[in-house]
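Participant: The primary structure of each chain is shown beneath.
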Amino acid sequence: MTTVAVPAAADVLGGFWTKARRMGAVFTALGVLGTIVFGALASSTVDARFLLTENLEGADLVIPGKAGAIGFGLVCVAAGVTMLVGVAERWFPWLLGVAIVSLVMSFLCWQLSTARPGLNFLPLVDVVRGSFTAAIPLILGALAGVLCERSGVINVAIEGHFLVGAFAGALVATIAASVWAGILAAAVAGLLLALLLAVLAIRYLVDQVVLGVVLNLLALGLTGFLYEEIMKADQDAYNNPPQVTNWSIPLLSKIPIIGPALFTEDFFLYFALLLVVVIHIGLFRTRWGLRVRAVGEHPTAADTVGVRVRLVRYRNVLLAGIVAGVGGASFTLALAGTFNKNMTAGKGFIALAALIFGRWSPIGALLAALLFGFADKLAGYLQNIGSVIPSEFLAMLPYLATIFAVAGLVGRVRAPAADGKPYVKG
Amino acid sequence: MTEPANPPEKRESLGRAFLANVWTTNPVTVTVLAFVLAMITGGILIVVSDPAVRATFSYFFARPGDALTASWDVVSAAYANLLKGAIVDPQTVERAIDGQVSWKQVFYPISETLLYATPLIFTGLAVAIAFRGGLFNIGAEGQVIMGGIAAALAGFLLPLPYGLHLLVALLAGALGGAFWGSIAGGLKARTGAHEVITTIMLNYIALYFLGWLILQDGIQDPGRTDAISSKVDQTARLPLLVGDPLRVHLGIVLAILVTFGVAWVLRRSTFGFELRAVGLNPDAARTAGMGIGRTYTLVMLVAGALAGLAGSSMALGTAFALTPSFSGNVGFTGITVALLGRAKPWGVLLAGLLFGAMQAGGNRMQIASQISIELVVVLQALIVIFVAAPALVKAIFQLRTAKTGRLETSMARGW
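Keeping their order, the protein sequence lines are chains A and Z.
Numbering-wise (our numbering), the first sequence opens with residue 2 and increments by one.
Numbering-wise (our numbering), the second sequence opens with residue 131 and increments by one.
Just chain A, with the same shape it has in the complex (with noise of 0.2 Å):
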């Protein structure tokens, strides 16, 4: 209740300045500055090349390092103008689209003609499978937010459900030699912690940031007590479980580029893309969702017309610990292979990160952890080809994104109405 009515800057500029307007003035700036700066850095005699396919050999594209730069900013450029512009609400995604790609293009061919001698290659394949593998536990994670927060309940404790998932899905895993079992055994770690969240938070009103906080610390401390007590003496038998196994799906699998990419993958990602399509219908198209929204915008008003507010909460609350719990045992059964301590490193909060940037939303969600996915394999990638931009501040891109978002400098984000604010009846 401590939202101060502080006036947005959309409300000051009113109506010229459009979300689309805004979005174009800032891809303008950025294309202009894009093209001076990587135009100018990049070189001009050595090309950057894309490959197509999975082996050096294959099928290419080669663009030279300066005229690739300059140009693929000036489509930024361009793009940002048309918005700047004014264009029917249709074309906007596909401006932002074209805007977005065009100025990562424009940075990567200044990037890949400055490589290490022998290194201006870009495998295409590789970097769109590793932007999504980086990104699976980002889309579960950022769904569970969907989930809790959509009801009316803030979820800070997504990094405290991946590590109780981790942790219970390697160890389970482990002593019955079954992927399966870890996994269920993590939904189920995750249903605990949740359930701890939910009964705290809407039975006892604990405030739910500060219950968040303080389930983060007890994930944190049981996991790492536990992995010391138990796991570390005897990591064969503890802490050694089997992976999960790629499946190739017939056909998908040979579109070019994608297909190796996206349809040879594992069951976390196909978990986490049907997972976004279940819950996108859900929310939007099924009574369910209705009655959600309803507990998350406005609670009063749906108890008055019969819905159950703290049950749908519970339900929701417990349904998140599940999805997150499932989220943190890719971990250990697909990721890293072994559970370590405090081995999820903040990815929880990058896909608190990712909820906040998708606004709340499950198509969102999944469009900002795939960003954010692109923007860590990216990291690691450049760092191997000697670039200068530090692999830091490439990891730090997901967290500025997010304070610009709810900053509202590109668009201002809101979350539901009543998230965070407990129901008393009368």
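Heads up, a few of these hints could be off.
What the hints assert, rightly or not - Derived, one-sided and incomplete: chain A residues facing chain Z with beta-carbon distance under 7 Å:
(1) Ile-64
(2) Val-215
(3) Leu-223
(4) Ile-231
(5) Ile-357
(6) Ala-396
(7) Met-397
(8) Leu-398
(9) Val-407
Bear in mind the hints are in silico, worked out from the structure with no lab data behind them.
Beta carbons are placed, not taken as given, at the ideal position from N, Cα and C, and that holds for glycine.
Please build the complex by placing chain Z on the supplied structure of chain A, with the hints as guidance.
Facilitator: Quick look at chain Z alone, frame taken from chain A:
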């Protein structure tokens, strides 16, 4: 003895009033019971994770005595070590009396407790003062890092004489934290961006900035290839209070002085009044003509400076060099300290001492009982969960509702 014919109405004696109020939801009882509940849960964890004790439970129904004795032994030994590491070890006292060790050794546990408590008091205050202003500062961790960086840089880059150097380094640390805190405060004031979101994000930005900075030429220790900075000059280090081997340094004195200062500001100054007014009801405060935005910025600036001092006390008092994890999570532990201290300066001081003691004792427990120090984090989290949900403690122990000083569940609010 002449009894008055009509004895005056009996006033409740102090003792009786005390007894009547002990078993109620007053803050002290709830805190103590929260501590007890956490210790019991911790004990269960110790038992479950000990393979030898677990084995005795496999024949529990044949000989329950074995399991219970084994459990009691391992738990009591662990907690005894916790206490010995935090306050005093009777064995050391005996040896000091016999003249085998110096008397300083007797105070070693206390010194460690004070050492660990110092940054926690600072970060606890940083979170508490923001709470009182109606803001939730999750960013203490980032502010600690930025403060620590500034203090350490001033500590090994500036060639200054004794005294002045320490002063400058401490000031730099406070400014570094204040800068980082005021970003979140300024964004809140100007754009309404929620401070919880911005401070979480700023934490990680600070962390990555630290990771990059300590590998740069002129910052990284020239003799090392791993991620560690040069050492802070002797002139900028916080002097030891007693001397070797007691590691406690001037920082704890500073922490107590700052607690006093924060208490004074909150109770007596105009800024403190405005801060509390804005925290209690921003709309009313605005109607009364206070600048809400200005107050938010100032609160986060002060909170950041306090957290920055925590970072400085670590960089100049214990670590002496920057490493990627020099902050040791004190920013997050500070949140629990502030909650346990109920966002009151002196409460934060006590809570900081308690958690510092648990940290110090945890080290001893890890060495002597082979029980991982992570248990301390679990205990701290549990204590705060129970304190934050007094209704839960009330239900478990069947407490009566207190007449005065009733605990309300901490403020519940949205993004």
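Participant: Are the hints correct? Go through all of them and say.
Facilitator: Going through the hints against the structure:
1. Ile-64: Interface hint status for Ile-64(A): violated (30 Å vs cutoff 7 Å).
2. Val-215: Interface hint status for Val-215(A): holds (5 Å vs cutoff 7 Å).
3. Leu-223: 5 Å, holds
4. Ile-231: With a closest approach of 6 Å, the Ile-231(A) hint holds.
5. Ile-357: Since the shortest Cβ distance to chain Z is 6 Å, the answer is holds.
6. Ala-396: 5 Å, holds
7. Met-397: 5 Å, holds
8. Leu-398: Not OK, violated: Leu-398(A) not within 7 Å of chain Z, min 10 Å.
9. Val-407: 4 Å, holds
Violated hints, in rising order: 1, 8; the structure is consistent with all others.
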